[in-house]
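A.B. asks: As they're listed, the protein sequences go chains H and C.
If you read the first sequence in this note's numbering, its first letter stands for residue 183, the second for the next number, and so on.
If you read the second sequence in this note's numbering, its first letter stands for residue 183, the second for the next number, and so on.
Take these hints with a grain of salt, some might be off.
Copies of the same chain look alike in the list, so a pair counts if it fits in one copy or across any two.
[Claimed, not checked] Pairs of lysine-lysine residues, derived as DSS-like cross-links and limited to a Cα-Cα distance of at most 27 Å, are as follows:
1) K311 - K376
2) K317 - K296
3) K267 - K311
4) K376 - K270
5) K223 - K187
6) K184 - K449
7) K224 - K394
8) K184 - K485
9) K394 - K184
10) K485 - K296
11) K449 - K394
12) K218 - K267
13) K371 - K485
14) K371 - K187
15) K426 - K371
If you're looking for bench data, these hints aren't it; they were derived computationally from the structure.
2 protein chains.
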Amino acid sequence: MKEVKIYSPATVANIVCGFDVLGMCLAEPCDVMHVKLLAEKKVVINNINNHQLPTDASQNTAGASILAMLDDINDEIGFEISIEKNIKPGSGIGSSAASAAGAVVAANHLLGNKFGNEDLVRYAMFGEKVASGVKHADNIAPCIYGGITLIRSIFPLDIVSIPAPQLYVTVVHPQIEVRTSDARQILRKEVLLKDAIRQWGNIAGLVAGFIKNDYELISRSLEDVIIEPVRSMLIPGFDEVKLKCKEAGALGGGISGSGPSIFMLSKNEATARSVEAVMINIYNKIELTYHTYVTTINDHGVKIINE
Amino acid sequence: MKEVKIYSPATVANIVCGFDVLGMCLAEPCDVMHVKLLAEKKVVINNINNHQLPTDASQNTAGASILAMLDDINDEIGFEISIEKNIKPGSGIGSSAASAAGAVVAANHLLGNKFGNEDLVRYAMFGEKVASGVKHADNIAPCIYGGITLIRSIFPLDIVSIPAPQLYVTVVHPQIEVRTSDARQILRKEVLLKDAIRQWGNIAGLVAGFIKNDYELISRSLEDVIIEPVRSMLIPGFDEVKLKCKEAGALGGGISGSGPSIFMLSKNEATARSVEAVMINIYNKIELTYHTYVTTINDHGVKIINE
């Protein structure tokens, strides 16, 4: 039977001033998934390591995405999906998106690339809906396309790849729970026009900085005057992490997704390592367990390993 | 005595989703200015054609800008400024900015380029303050830098040149008065977060489209869900102009500055001319006098002609 192994990477959504529209694919960590084509219309989920993820396909992000895809296929086929989860659920670095995107990319590969990337994003959004109640693409799009992606619009879907210079990403995941639904609920439904203007000046600067390889402009534009001041209150140590990481040379950064992970961008690996040391010091001091990653931007997204 | 002649161009501020941050320099129309260096600390304003512009330097946009510059110079010098105004005041295509920017660029030239472009923007903003009560740079920056400029921030000043592909600009100026102060007053101080997100997705797309020479992306991103729905009510014919110009092939467009001028971007001159014909038809039909321009983006800004 046809089978494929893939690596499905972590992603950072809500890149600072790019709330709900800008996401970035990371080289690490990655989930490892094995997907097998079946001759029967069913979806089987196997969780290799124990994260208490649902095995009912319709309640599982990978499963729901594949079910949406199968809905568009008339053949008597199905998939068996085995997930080795290395991206901890609830960490804010796109764990659910990795399952959803990984599953549809793998299945599509086994089907001879019947579907295009936009179709895959649409299927994987069914998985995000299971995970968070909302169809959003700001983790899925970078996970599938790689690199940095702008989701200009969901309906109609409009995904734009944003080229960027070499960047190192340091992530710290303090081991506390921030529910996506809580993180969304504390946001105000209205914002000041003057703040919105500052935010869209910043995202315009950030996109220009990425495409023009202008590190200084990227750094100046990594400012969020709307979401971060509210959500950062849910993350112990946030203000100190941000301040000291910038003192250590980071270009800037902020909350990854809806938290609790915090990410920082740096121009080179040495700085990214110093930034990691700063994060470790702070969370050791406040006695919170944590995990850190020093990685780069992943330009290819989900990677097919072998059949 | 040293003297210089310059052309100071019209500009389009508030490029659709880029309210308050994105401006664009036009090849036409241009004010013509003669600026003469004087051996006495005074500023003389001569209005060549009659637009009832103040001749008291401190109340004139060119004069106030030059006074701000002279404040930073210890020498006993002054300037005589003669303005032939071809950009009608109140048209919404940067008439006051052309006077202010033109004056400081000309004066700086006569001083051997003592000041940098950022300094010139700061001086010219004093002129904008006289004209509209607010220091803003979204006409001045493109007028001085040329091309399309992002004003990411005013304090501190952060101006970013945004490269763009060849674009034709059609402008219609319906001869009605829209006061900048009125246009600002009708805006709500708060906006919905979901609208703000859509707007910053669009400006990110527009900037990416400009830099990547992606006309389709530029076209899709030329959408303003916050300012235009409110301000367009002040401009008779706006909705019809926008709809029919897009049907005629325009990439998109919107209100120029705070109106009443409307601008449309096109990929080639033939389309820009068809767009002009559409505008002419509509304003003939509703019996409003108007003026139209078909022009291009001006990459150099204020132009020094001779001494």
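A.B. asks: All the hints need checking, so say for each whether the structure fits it.
C.D. replies: Structure-based check of all given hints:
no., hint, result
1, K311 - K376, "between (32 Å within a copy, 18 Å between copies)"
2, K317 - K296, "within (23 Å within a copy, 56 Å between copies)"
3, K267 - K311, "within (19 Å within a copy, 59 Å between copies)"
4, K376 - K270, "neither (37 Å within a copy, 29 Å between copies)"
5, K223 - K187, "within (21 Å within a copy, 78 Å between copies)"
6, K184 - K449, "neither (42 Å within a copy, 48 Å between copies)"
7, K224 - K394, "neither (47 Å within a copy, 44 Å between copies)"
8, K184 - K485, "within (17 Å within a copy, 67 Å between copies)"
9, K394 - K184, "neither (43 Å within a copy, 40 Å between copies)"
10, K485 - K296, "within (17 Å within a copy, 56 Å between copies)"
11, K449 - K394, "both (14 Å within a copy, 23 Å between copies)"
12, K218 - K267, "within (17 Å within a copy, 74 Å between copies)"
13, K371 - K485, "neither (38 Å within a copy, 47 Å between copies)"
14, K371 - K187, "neither (42 Å within a copy, 53 Å between copies)"
15, K426 - K371, "neither (31 Å within a copy, 34 Å between copies)"
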